[in-house]
Amino acid sequence: MTAVQVAERPLSGSDAVATVRDLARTEAGRYARHPLFLIGTVVALVMAVPVVRTRDPDPLALTILPAFFVGVFGFVVAHRLTTSLQRTAELVGSTPSSQRRRTTALCLACLVPLMAGVLITVECLVLTAVDPPDVVPADGPMAWFGDYSWPVVVSALLAMGPVACLGGPLLGVAVARWAPFRGSALLGVVVLVVTCSTMASGPQFPWRVMPPWAALSDERVEGGVILSSTFPSAVSPVWYLVYTLLLCALAVVAALLRDPRGRRPLLWTGAVLGVATAGAFVLALT
Amino acid sequence: MRASAGHRADLLVAWPTVASAVSVALLTTGLALLLSPMPVPVLVVHLAQLALAGGAAYLLDDAAAALTGVAPRPTWRRRAPHLLIGGIALTGSWVTVLLCVHGAGLSTATLSLETGTLIAVALAAATVLVRLGEAEPGALVAPGVVLSGLASLLVGGLLHREVFASGTGAGSTARTVLTTIWGAAAGTALVVLLMAWREPARGRSSPTT
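Chains as they are written, first to last, in the numbering used here: chain A, 1 to 286; chain B, 1 to 209.
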């Protein structure tokens with residue numbers, strides 16, 4: 001069999017959209033069938049039950065389940081899906097599409113883990129409603145509905161759960177596009193987890209909320225037991241949500257920039273997004 | 001000429017393993033300096049252990065396995081330079097990590113047992129995959145080892161259960177139980193490694209026609 005490199009033919013706007021839509025559907029199917037995604041999602045769904053039953057009065061801590069089992073696992077899934085296209089470059093190159101459209105399709109396929117993240121977050125909400133955590137003392141604070149306004153709690157839930165499930169895979173696509181060497185997935189996971197764990201659990205602002213996943217609730221712990229939880233007054237969860245969404249958009253732009261053709265509009269978009277991200281970060285701290 | 005030198009270097013050095021070992025040493029040293037005089041967080045030490053095990057999974061990668069499998073040279077001799085240089089890099093990196101956590105109150109022997117076990121498990125999994133025909137098992141095993149290790153740490157933390165023996169108090173029953181489990185896991189991994197490493201064709205009489 002001979003693989004023939006077909007020159008990219010210019011497509012009309014509707015044709016290009018249809019191509020990307022078809023490719024995205026295919027990639028979403030590959031993502032949804034990937035064993036690592038399935039294992040991660042099932043483990044997160046199952047683990048939520050015993051974790052809720054520990055009845056720690058910090059329900060937001062549950063969001064670490066989708067963030068890790070779908071977001072960090074998703075980094076590896078997206079990395080492998082992206083590099084698999086590069087490993088079969090001769091075959092893929094013979095299809096009437098471009099690298100940028102394939103990257104766009106891979107980014108759109110990352111909506112699959114976003115949906116999984118939403119599902120796990122809803123499960124956590126239901127389980128917490130059914131079996132509410134105990135606060136010590138009983139009238140103590142809890143970073144949850146009732147003690148805080150719903151936009152604050154919902155923003156924190158979304159930023160720490162579903163958006164992290166989207167961001168991890170998008171970062172995986174970007175890393176695989178720019179660093180497709182063996183071991184880059186391993187290195188990426190280690191750097192991502194070290195950054196988030198060491199900075200997010202540290203006491204100092206603004207570094208604490210700089211990583212793409214940050215613990216937005218403070219716990220009062222005595223003798224190793226969590227008694228109550230609060231939102232730190234120094235952080236606005238609503239603006240932190242905007243910040244993380246903009247980081248996701250930057251990851252998409254970074255992935256698309258790998259294709260050398262027509263970079264100027266993307267560079268402008270990246271610059272605008274970079275400024276907006278910095279602005280959202282500042283606003284999150286004021 | 002340059003390409004030939006590159007190929008020779010690839011035959012001698014498992015680059016992902018060496019890169020992982022160097023990265024772990026640099027990251028841990030950097031964090032230790034950055035956080036000084038506070039000790040390096042235990043989570044970072046566990047991450048270093050997992051990353052080194054993940055790096056070890058690349059030791060058996062051999063993109064040309066399908067071609068060299070028919071050569072009369074035994075597999076272990078072909079892989080000896082990879083194993084030797086990779087082993088030196090991993091050992092050097094681990095010694096650096098131990099120097100960085102010196103004074104953090106962690107047992108060096110227990111940490112080393114855990115690291116040895118994780119590396120043995122990674123190598124056993126890679127050897128099994130090689131036996132099943134996978135030329136480059138590192139790409140599958142390395143993220144698998146790191147993700148499963150992190151998942152165990154996370155779930156253990158959420159359920160208030162220790163997974164690593166080094167996280168328990170010295171002399172406690174939990175330390176004894178966990179050390180025994182880690183030792184048993186190392187033994188099992190070594191048995192699997194040795195069984196999967198055997199070359200089935202070697203030592204048999206040649207087929208007669």
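Watch out, some of these pointers could steer you wrong.
Said to hold, decoys possible - Only part of the chain A face toward chain B is listed, based on derived beta-carbon distances under 8 Å:
#1 Val43
#2 Leu45
#3 Val46
#4 Val51
#5 Ile64
#6 Val76
#7 Trp178
#8 Pro180
#9 Arg182
#10 Val190
#11 Val194
#12 Ser197
#13 Ala249
#14 Phe281
What the hints assert, rightly or not - Label-pair distances were calculated between CB atoms; the ranges are:
#15 A:Ala179 - B:Gly169: 38 to 44 Å
#16 B:Ser148 - A:Asp147: 49 to 55 Å
#17 B:Leu190 - A:Thr269: 51 to 57 Å
#18 B:Met38 - A:Gly274: 29 to 35 Å
I should point out that these hints are in silico values taken from the structure, not numbers from a laboratory.
Note that the structure is predicted; figures quoted are calculated from it, not measured.
Glycine included, every Cβ here is placed at the ideal spot set by N, Cα and C.
Going down the list of hints, with the structure as the test:
{"no.": "1", "hint": "Val43", "in the structure": "7 Å, holds"}
{"no.": "2", "hint": "Leu45", "in the structure": "13 Å, violated"}
{"no.": "3", "hint": "Val46", "in the structure": "10 Å, violated"}
{"no.": "4", "hint": "Val51", "in the structure": "5 Å, holds"}
{"no.": "5", "hint": "Ile64", "in the structure": "7 Å, holds"}
{"no.": "6", "hint": "Val76", "in the structure": "5 Å, holds"}
{"no.": "7", "hint": "Trp178", "in the structure": "16 Å, violated"}
{"no.": "8", "hint": "Pro180", "in the structure": "11 Å, violated"}
{"no.": "9", "hint": "Arg182", "in the structure": "5 Å, holds"}
{"no.": "10", "hint": "Val190", "in the structure": "5 Å, holds"}
{"no.": "11", "hint": "Val194", "in the structure": "6 Å, holds"}
{"no.": "12", "hint": "Ser197", "in the structure": "5 Å, holds"}
{"no.": "13", "hint": "Ala249", "in the structure": "26 Å, violated"}
{"no.": "14", "hint": "Phe281", "in the structure": "21 Å, violated"}
{"no.": "15", "hint": "A:Ala179 - B:Gly169: 38 to 44 Å", "in the structure": "41 Å, holds"}
{"no.": "16", "hint": "B:Ser148 - A:Asp147: 49 to 55 Å", "in the structure": "37 Å, violated"}
{"no.": "17", "hint": "B:Leu190 - A:Thr269: 51 to 57 Å", "in the structure": "53 Å, holds"}
{"no.": "18", "hint": "B:Met38 - A:Gly274: 29 to 35 Å", "in the structure": "32 Å, holds"}
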